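Number of protein chains: 2
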Amino acid sequence: MRPLILITNDDGFAAKGLRTLDEIAMQFGDVVVMAPERNASGTSHSITSARPLRVRTIKESNGLNVYACDGTPVDCVKLASEYFCPRPPALVLSGINHGSNASINVLYSGTMGAVIEATALGFPAIGFSLLNHNPEADFSGAIPSVTQIIATALDKGLPPDVSLNVNIPRLPADQIKGLRVCHEARAKWLDSFEKRLDPQGFPYWWLTGKFQCNNPPETSDQWALEHGYVSIVPIQPDFTHYSAIPALTNTFGHD
Amino acid sequence: MRPLILITNDDGFAAKGLRTLDEIAMQFGDVVVMAPERNASGTSHSITSARPLRVRTIKESNGLNVYACDGTPVDCVKLASEYFCPRPPALVLSGINHGSNASINVLYSGTMGAVIEATALGFPAIGFSLLNHNPEADFSGAIPSVTQIIATALDKGLPPDVSLNVNIPRLPADQIKGLRVCHEARAKWLDSFEKRLDPQGFPYWWLTGKFQCNNPPETSDQWALEHGYVSIVPIQPDFTHYSAIPALTNTFGHD
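One line per chain: the protein sequences are A and B, in this order. Sequential numbering from 1 applies to the first sequence in the numbering used here. Sequential numbering from 1 applies to the second sequence in the numbering used here.
Please note that the accuracy of each hint is not assured.
Intra- or inter-copy, both count: the list cannot distinguish identical chains.
The calculated lysine-lysine pairs, modelled on DSS-like cross-linking and capped at a C-alpha distance of 30 angstroms, are [what the hints assert, rightly or not]: (1) K156 - K188; (2) K177 - K195; (3) K177 - K156; (4) K16 - K188; (5) K59 - K177; (6) K16 - K210; (7) K195 - K59; (8) K210 - K177; (9) K156 - K210; (10) K210 - K195.
These are calculated hints, taken from the structure and not from any lab test. In this text the structure is predicted, and so the values were computed from the model without any measurement.
Generate the whole structure from the sequences, applying the supplied hints.
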């Protein structure tokens with residue numbers, strides 16, 4: 001039986017990046033797509049518990065079932081893996097996101113929220129992002145790398161409790177230098193809210209921000225991307241800062 | 001000058017747990033509260049970028065300024081630290097959450113999303129949660145531990161890039177055995193969506209789930225809480241699984 005591949009994203013079920021990904025994935029197995037009805041960028045690891053979820057069937061044919069859900073990317077993974085996948089997924093994919101999820105962006109990313117959730121549920125999972133925010137972005141340069149990474153993951157598996165955050169530079173395929181396994185670069189969003197007044201004179205604030213990443217080391221995703229490589233960062237679902245435990249045990253005592 | 005303490009939560013500005021926390025914090029410094037207008041449980045590290053934010057002033061007097069914002073807990077930290085704090089916060093606090101954020105719950109938690117964001121912005125930060133979901137929960141048992149942890153954090157500081165996830169058992173203060181610095185217990189939510197039909201006969205799904213954590217080790221937060229201790233887990237904002245890098249470099253190659 002062909003492996004089952006579950007796909008979601010945070011740009012919405014109709015996004016070009018998702019269509020690119022489901023076309024690639026269909027070479028490897030049967031595909032179930034469950035993705036948000038609308039753009040859910042920046043929803044991180046949100047879940048919907050105060051209201052129920054609705055699902056709309058977009059298509060069910062030829063090994064490709066597509067559903068749109070009015071929840072978050074994490075909701076999509078939870079609901080699809082339990083109710084809409086005919087067998088447990090061999091691989092969960094998210095993306096291809098329109099825009100970078102490298103470095104600190106993984107914190108906010110709905111694309112990566114879905115991936116981390118899949119890992120927590122016990123499924124191997126990979127998030128893909130192209131460094132191009134445009135809804136009409138050209139994904140052709142990403143196709144060979146994405147295909148290679150999916151093939152390798154299905155063939156060799158992933159370590160337990162590890163998902164992959166893959167970012168792809170905005171380059172034609174023949175200018176991409178290869179794959180690099182990296183760590184997240186340290187970076188900051190320098191936020192700067194823009195205060196405006198509405199027609200009644202009342203204030204509101206728009207989130208804006210500037211991504212700042214100074215001299216990322218060669219071992220980091222940001223360096224890889226700036227030098228024409230696809231970055232692959234292993235991500236863990238346990239946020240404990242293990243090496244801080246001894247010092248904090250000193251600080252707070254242990255009874 | 002008294003230290004400035006910024007407080008948020010995910011249960012909403014009017015929650016009892018937040019009022020408990022701001023009363024404790026006022027013993028140590030001036031307090032700015034910026035919290036969601038409504039319950040924002042399960043919003044994790046979400047940000048609001050597709051629409052602007054509104055802020056409502058609830059109170060500005062006697063060293064306690066309280067604002068309600070129609071965004072997420074992360075939005076609250078970003079906007080308050082830039083626009084509503086008269087000076088940079090010496091400490092950012094989130095909570096006291098009504099319900100556990102121990103173990104894997106940190107993934108979904110808006111309380112902890114705010115805390116991780118504060119760390120990413122460079123502020124020391126602590127999230128507090130009481131193991132009682134009730135909106136009218138009795139927080140009196142938590143007060144001595146929360147007070148002690150805030151005092152220690154202000155006095156000794158926290159390591160850079162480390163925030164604290166503090167969970168407090170549902171016990172009277174004199175039955176709490178002390179503080180324990182721990183790691184997250186490995187656990188799972190066994191999700192089980194409940195499918196229902198609306199009056200028109202169309203389906204919808206409610207997220208339900210059962211928390212499963214088998215035999216948590218003595219070093220874990222779940223063990224501590226089950227044995228009457230307050231758990232303190234250091235949290236990092238970098239999700240890289242560093243120890244997986246060598247094996248994955250083997251798998252995917254390095255050009």
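Each hint tested on the structure:
1. Taking identical chains as interchangeable, the C-alpha atoms of K156 and K188 lie at most 30 angstroms apart only when they sit on different chains, with a minimum of 25 angstroms there against 35 angstroms within one chain.
2. In the homo-oligomer, the alpha carbons of K177 and K195 never lie at most 30 angstroms apart, since the shortest distance is 42 angstroms inside one protomer and 48 angstroms across protomers.
3. In this assembly of identical chains, the alpha carbons of K177 and K156 lie at most 30 angstroms apart only when taken from the same copy (22 angstroms versus 47 angstroms across copies).
4. For a Cα distance limit of 30 angstroms, the shortest separation of K16 from K188 inside one copy, 29 angstroms, qualifies, whereas the shortest one across copies, 33 angstroms, does not.
5. Neither within a single protomer nor between protomers do K59 and K177 lie at most 30 angstroms apart by alpha-carbon distance, with minima of 37 angstroms and 57 angstroms respectively.
6. With identical chains, the CA atoms of K16 and K210 are at most 30 angstroms apart within one copy only, with a shortest distance of 26 angstroms there and 36 angstroms across copies.
7. Within a single copy, K195 and K59 get their C-alpha atoms only as close as 43 angstroms, which misses the 30 angstroms cut-off; across copies the closest is 21 angstroms, which meets it.
8. Proximity of K210 and K177 under a CA criterion of 30 angstroms is satisfied intra-copy only: 27 angstroms inside one chain copy versus 46 angstroms between copies.
9. In the homo-oligomer, the alpha carbons of K156 and K210 never lie at most 30 angstroms apart, since the shortest distance is 38 angstroms inside one protomer and 32 angstroms across protomers.
10. For the homomeric pair K210 and K195, the shortest alpha-carbon distance inside one copy (16 angstroms) is at most 30 angstroms, but the shortest distance between copies (43 angstroms) is not.
When each numbered hint is compared with the structure, violations occur for hints 2, 5 and 9.
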